[in-house]
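Enquirer: Residues per chain, in single letters:
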Amino acid sequence: MSPHHLGQGPAGPPEAGGPVVRLEHVAAGYGHRAVWSDLTLDVAPRELVAVLGANGTGKTTLLRLLLGQISPTAGRVGVLGAPPRRGSPRVGYVPQQRALDSELPLRGVDLVRLGLDGHRWGPGLPSASARARVGRALAAVGAESYATAPVGRLSGGEQQRLRLAQALVSDPVLLLADEPLASLDLASQQQVMTLLDARRRDADTAVVLVTHEVNPVLPYADRILYLAGGRWAAGPPTDVLTSETLSLLYGARVDVVRVRGRVAIVGAPEDAHHPDHERAGSDDGGR
Amino acid sequence: MFVELLGTHFVHVALAAGAVVAVLAGLLGPLVVVRNNAFAVHGIAELGLTGAAGGLLIGLDVMTGALLGSLTVGLLLGLLGLRGRDRDTATGALLAAGLGLGVLFLSRLHTYASTGFGLLFGNITAVSDAQLTRLTIVAAVVLVALALLWRPLWFASVDADAAQARGVPTRALAVAFPVLLAAAVAETIQVTGVLLILTLVVTPAAAAQRLTARPVHAVAVSVALALAATLGGILASLAWDAPTSFFIAVLSFAAYLIARLTGTRTAAHTRAGPEAAPRTTVTPADGGAHRHEGTSGAAAG
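Just so you know, the sequences run in chain order A and B.
Heads up, the first sequence is in my numbering, so the first residue is 1 and it goes up one at a time.
Heads up, the second sequence is in my numbering, so the first residue is 288 and it goes up one at a time.
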């Protein structure tokens, strides 16, 4: 398939008011190992779903499924009313953060531009309309002031804003973000969450965000999908993040404690039985 | 003497071959540096030597043999799809084994010493008209392929995960790039020899990225520096009686040093933001300041 054709998705929403993501009794895994199973979940436009769970519980696996990089072992996955398709411009993706080399000959504008036409063949020609779209994406995340600085010399928070701009430059209907808050300071975490929230309110974009950090996402999450030991729980944060639900999910006593507006989960095993699950998965795909 | 030499045919051929090779090496260099592939370049070059020596044994031309040898190892490295330390150790094991075979092949040749020396350190003045034609054809093929793959290659090299999500065939590119690289390396062997390959494939690109952060500019500067070092080196070796590859290496390294000294100063301005962390300098007991350079060293992992 030529990446030239990837730019043309179906026009408009698949069906008015239909979900952006629809998972029906989906199971996922690698080889014989099931990561989780029987997951049923719809994500509506403008909804922000936070995917929580320890390492190896299949959070990244869910994103790879929605990106069309792996197939479900059971059930049906729908993105915008069709099976997920690799490289769809209507699905934006913010990959797990990796430090960019400080000598990388690349500026913020170049990084964002890759999200627009980096998948196309040929060297590419200067284009005023592409430059304008990149400019709008940079403005939307407030990154104009450092857009022409070498990306490798920017702070983690600044790099993350640029990655967000790269994911948004193709104007996606669904935004997937893998640990967008990892290794950021509290202020930067706040800023990233504010930007994600603004995007879905302004453009009705559905956001599915994988995270270890519960508290920064709580004020914005409409729903939580909590994965643990191959099982899952989904619902509004106040329903999922309770001692009863999580104890049931883990099959062991777990306490959810609320202190000064923050949530602490006590007693949950930090890592699942296979801590290398997700790693192995994402390495496979990267090759 | 120098002026008379400038009028000779073999010098024209050498300059033309040098220019073709420099453009190719200069274009691929930035991608090699961004992908941290310097060691693979060296491995490919040494297997090129094995191919060249083996080719001579069975009656092939030096360039054909080098091309076959480096393409084989380029394809192998691409298909293995190794990453990080694993990639470096496998490349090391492969190149050492290949070079051992190369030594055997060379020892079976009657012209052992001169052929070996030419392959190791380059012999641009030995390029024939027919070889120049072939050099140009191979270069044209690599250039067309490179132009076609340009954007996806950069995307995959800079951020493989994002590129893959956007539909870039990162796996296929991970095979295609070492193959293109192998073709370019086999050509560069003619000019710089196996041992000095990095002087054209890595040094100009490393200098360029010290001077500019714009990808297009970095590629242009890399090509310009590779061209200047190659042509300057050929001319210098005519004026002063010393090997061409010596002058190329000197010029290329001088450009790198100048870029480093002037380039770091501009860098200091851009990292003045409140969140930018100061660069750590470690001064070990022996007194000298060491800084690990991730992209220019052949053994960088």
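There could be a bad hint or two in this list.
As the list claims (entries may be wrong) - To give a feel for the contact side, a few chain A residues facing chain B, derived at Cβ under 8 Å:
hint: 1; residue: Pro-105
hint: 2; residue: Asp-117
hint: 3; residue: Arg-120
hint: 4; residue: Gly-124
hint: 5; residue: Leu-125
hint: 6; residue: Ser-127
hint: 7; residue: Glu-144
hint: 8; residue: Tyr-250
Everything labelled a hint here was simulated from the structure, so no lab data went into it.
All C-beta atoms, glycine included, are put in the ideal place defined by N, C-alpha and C.
Enquirer: Work down the list of hints and note, for each, if the structure agrees.
Expert: Structure-based check of each hint:
Hint on A:Pro-105 holds. Least Cβ distance to chain B is approximately 4 Å, under the 8 Å limit. Of the supplied interface hints, the one on A:Asp-117 holds, with its beta-carbon coming within about 7 Å of a beta-carbon of chain B, less than 8 Å. Because the smallest distance between the Cβ of A:Arg-120 and any Cβ of chain B comes to about 6 Å, under 8 Å, the interface hint for this residue holds. At about 5 Å, the closest approach between the beta carbon of A:Gly-124 and any beta carbon in chain B falls short of 8 Å, and the interface hint on this residue holds.
Using the Cβ-Cβ criterion of 8 Å, the hint placing A:Leu-125 at the interface with chain B is not satisfied: the shortest such distance is roughly 11 Å. A hinted interface residue such as A:Ser-127 counts as satisfied when its beta carbon comes closer than 8 Å to some beta carbon of chain B; here the least separation is about 12 Å, so the hint is violated. Look at A:Glu-144: its Cβ only gets to about 14 Å from chain B, farther than 8 Å, so that hint breaks. The beta carbon of A:Tyr-250 comes no nearer than 30 Å to any beta carbon in chain B, farther than 8 Å, and the hint placing it at the interface is violated.
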